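Protein chains: 2
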Amino acid sequence: MKTHPTRTLGIAVAQLGGINLDDTRQSVVNRLIEMLKEAHGRGANLIVFPELALTTFFPRYWMDEKEAQARFFEQSMPNPAVQPLFDEARKRKMAFYLGYAELTPEGTPYNSAILVNEKGEIVGKYRKIHLPGHDDHKKDAPFQHLEKKFFRVGDKTFGVWEAMGSNIGMCLCNDRRWSETWRVMALQNAEVIVLGYNTPSQNIHWPEPVHLRMHHHLITLQASAYQNSVWAAAAAKCGSEDGHHMIGGSVIVAPTGEIVAQASTEEDEVITVKADLALADAFRKNVFNFESHRRPELYGLITQRTGRGTPL
Amino acid sequence: MKTHPTRTLGIAVAQLGGINLDDTRQSVVNRLIEMLKEAHGRGANLIVFPELALTTFFPRYWMDEKEAQARFFEQSMPNPAVQPLFDEARKRKMAFYLGYAELTPEGTPYNSAILVNEKGEIVGKYRKIHLPGHDDHKKDAPFQHLEKKFFRVGDKTFGVWEAMGSNIGMCLCNDRRWSETWRVMALQNAEVIVLGYNTPSQNIHWPEPVHLRMHHHLITLQASAYQNSVWAAAAAKCGSEDGHHMIGGSVIVAPTGEIVAQASTEEDEVITVKADLALADAFRKNVFNFESHRRPELYGLITQRTGRGTPL
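Residue numbers (UniProt numbering), protein chains in the order written: chain A, 1 to 312; chain B, 1 to 312.
Hints are computed from structural coordinates only; laboratory data are not their basis.
Every value quoted in this text rests on a predicted model; they were computed, and no experiment measured them.
Misleading hints may appear alongside valid ones.
[As the list claims (entries may be wrong)] The calculated DSS-like cross-link candidates involving lysine-lysine, where the alpha carbons are at most 27 Å apart (straight line), are:
| no. | chain 1 | residue 1 | chain 2 | residue 2 |
| --- | --- | --- | --- | --- |
| 1 | A | LYS149 | B | LYS274 |
| 2 | A | LYS119 | A | LYS149 |
| 3 | B | LYS149 | B | LYS91 |
| 4 | B | LYS119 | B | LYS149 |
| 5 | A | LYS285 | B | LYS148 |
| 6 | A | LYS138 | A | LYS93 |
| 7 | B | LYS91 | B | LYS285 |
| 8 | A | LYS93 | A | LYS285 |
| 9 | A | LYS148 | B | LYS285 |
| 10 | A | LYS149 | A | LYS37 |
| 11 | A | LYS285 | B | LYS139 |
| 12 | B | LYS66 | B | LYS91 |
| 13 | B | LYS125 | B | LYS138 |
| 14 | B | LYS37 | A | LYS285 |
| 15 | B | LYS66 | A | LYS139 |
| 16 | B | LYS148 | B | LYS93 |
| 17 | B | LYS156 | B | LYS66 |
| 18 | B | LYS119 | B | LYS66 |
| 19 | A | LYS149 | A | LYS66 |
| 20 | A | LYS125 | A | LYS274 |
| 21 | A | LYS139 | A | LYS125 |
| 22 | B | LYS91 | A | LYS285 |
| 23 | A | LYS138 | B | LYS285 |
| 24 | A | LYS125 | A | LYS93 |
[As the list claims (entries may be wrong)] In silico negatives: residues of chain A with every beta carbon more than 10 Å from chain B:
| no. | residue |
| --- | --- |
| 25 | ASP22 |
| 26 | ASP64 |
| 27 | GLU74 |
| 28 | PHE86 |
| 29 | THR104 |
| 30 | PRO132 |
| 31 | VAL184 |
| 32 | GLY257 |
| 33 | GLU258 |
| 34 | THR306 |
Ideal Cβ positions, reconstructed from N, Cα and C, are used throughout, including at glycine.
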């Protein structure tokens, strides 16, 4: 069924298996480069790497902020360790998304992602807004989730940037569970929304059945891609990091809400689709014609309230 | 796995098969009463009826507004035709949600729903905000979707009301596809969100594969229930109305995003669950702790823009 002219983008998602504490940046960048080469060979123009793709998911460990910053944060980008990835991508005329811990020149720590275009230029940076977890030491928990300790909340809202002739929006991990994330980017005419994630298999807050973690990830991606008429590409860091297991399930979802590619391992794995961006047009023109159907004058509570309150 | 005290509500969804043009209000109300009795026998305290539950889905027919109002709208509620449903519900101490076409004393037409508590009192009224379709005559289409012609946009935002000791939010049909709908009610501490729908199997705007219609319905309900930590109960009018087919798929979804009951016919059918409202607590306290994690100061675009625009 083709009722529209096609406009294709080769999208790859590079799922990463675990990165252990003693793995070097260089060894990780080599893994990213191998997957970039594979994605290129399979026709991809854009490759999506995970959140905190250069290191282990260190917010699981209690430590001093200064120690975390010294070991796990990047003070410039690209830096010498990451430069070979930029070089390889530029050589192959590929764009990429990369998540990493950013320490600004002013010393502010963010959980960040960049979009690098096919010329090797950083065209966009996103700093994570929905930081999950806590900032205190949960001594009885099997591990920590210290994003609220190690990172500041992003200083700008969600953005959309151009790469490979497409409008690309970025978010990170827990952001994907919040409908506001997707809507703010759809309102900027995003065509593709890319994200990386590190999702522990075990919920430290309550005994949530493990299968629900994957279920929530998938239904959220599917509904959000559909409701915002975008392609969605999500890259996991997964498997075991020094004994700490995280879910895989890296996926590419069409604007129909259908999963069109999904990783089947918990290791380094590339998935690709030849995405027809114009597939979203029928949705944007009809059921999700924002201009015709949205009623912002009745949505005020979304920005007026933070927490749950009494009925109006 | 029970890690919390239970707080149960027996929820029933009454799916309706088709209502033809020449069916009387009385015959329809008798069908509703039969399903209410069944739901009561199966332990339900609240029953959800469809959108426009008293008539055929008349926005599919081109006609004059005055003719539509005379044939298909209710000028008071309860009126004599519907009174027996109110009586039967009060007798059985059941609350219910009912969708119908409302003509106000001032002559304003709305696509409305009411929440009636266990004492037979109308405690809440919702007037549909996201009216789909068009207001012009699409002469080449197999049928019309004239909600924008026959109804005005609801004059108030989404609300939450109390019935059976629970906080219940209401919406209608197409509203369920819009994330703002759910969020505005979740911010008012909704525990259960109820809705009726009439979803044609055929999309008149483009040749959408029919199976996607059901897929979109289900992923939207699942993700929205999960992301807002609510139970969701959705009642279809379905099957064939004078040859026009609509999807069934009435469902009850838990705050886990799991479908816990689903209709298996396209006819009058009751589904029920014994819902533990406290199942949502773990989600509200942790991953969807709005007070801790939401960042309304970065969501401004949601109320500042109606349609898609350029990147910020």
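We went through each hint and held it up to the structure:
| no. | hint | result |
| --- | --- | --- |
| 1 | LYS149(A) / LYS274(B) | violated, 40 Å |
| 2 | LYS119(A) / LYS149(A) | violated, 35 Å |
| 3 | LYS149(B) / LYS91(B) | violated, 38 Å |
| 4 | LYS119(B) / LYS149(B) | violated, 35 Å |
| 5 | LYS285(A) / LYS148(B) | holds, 16 Å |
| 6 | LYS138(A) / LYS93(A) | violated, 46 Å |
| 7 | LYS91(B) / LYS285(B) | violated, 38 Å |
| 8 | LYS93(A) / LYS285(A) | violated, 32 Å |
| 9 | LYS148(A) / LYS285(B) | holds, 16 Å |
| 10 | LYS149(A) / LYS37(A) | violated, 36 Å |
| 11 | LYS285(A) / LYS139(B) | holds, 19 Å |
| 12 | LYS66(B) / LYS91(B) | violated, 36 Å |
| 13 | LYS125(B) / LYS138(B) | violated, 32 Å |
| 14 | LYS37(B) / LYS285(A) | violated, 43 Å |
| 15 | LYS66(B) / LYS139(A) | violated, 69 Å |
| 16 | LYS148(B) / LYS93(B) | violated, 37 Å |
| 17 | LYS156(B) / LYS66(B) | holds, 24 Å |
| 18 | LYS119(B) / LYS66(B) | violated, 34 Å |
| 19 | LYS149(A) / LYS66(A) | holds, 11 Å |
| 20 | LYS125(A) / LYS274(A) | holds, 25 Å |
| 21 | LYS139(A) / LYS125(A) | violated, 34 Å |
| 22 | LYS91(B) / LYS285(A) | violated, 48 Å |
| 23 | LYS138(A) / LYS285(B) | holds, 16 Å |
| 24 | LYS125(A) / LYS93(A) | holds, 20 Å |
| 25 | ASP22 | holds, 31 Å |
| 26 | ASP64 | holds, 23 Å |
| 27 | GLU74 | holds, 24 Å |
| 28 | PHE86 | holds, 23 Å |
| 29 | THR104 | holds, 18 Å |
| 30 | PRO132 | violated, 7 Å |
| 31 | VAL184 | violated, 5 Å |
| 32 | GLY257 | violated, 5 Å |
| 33 | GLU258 | violated, 7 Å |
| 34 | THR306 | violated, 5 Å |
Hint check: violations occur at hints 1, 2, 3, 4, 6, 7, 8, 10, 12, 13, 14, 15, 16, 18, 21, 22, 30, 31, 32, 33, 34; the rest are consistent with the structure.
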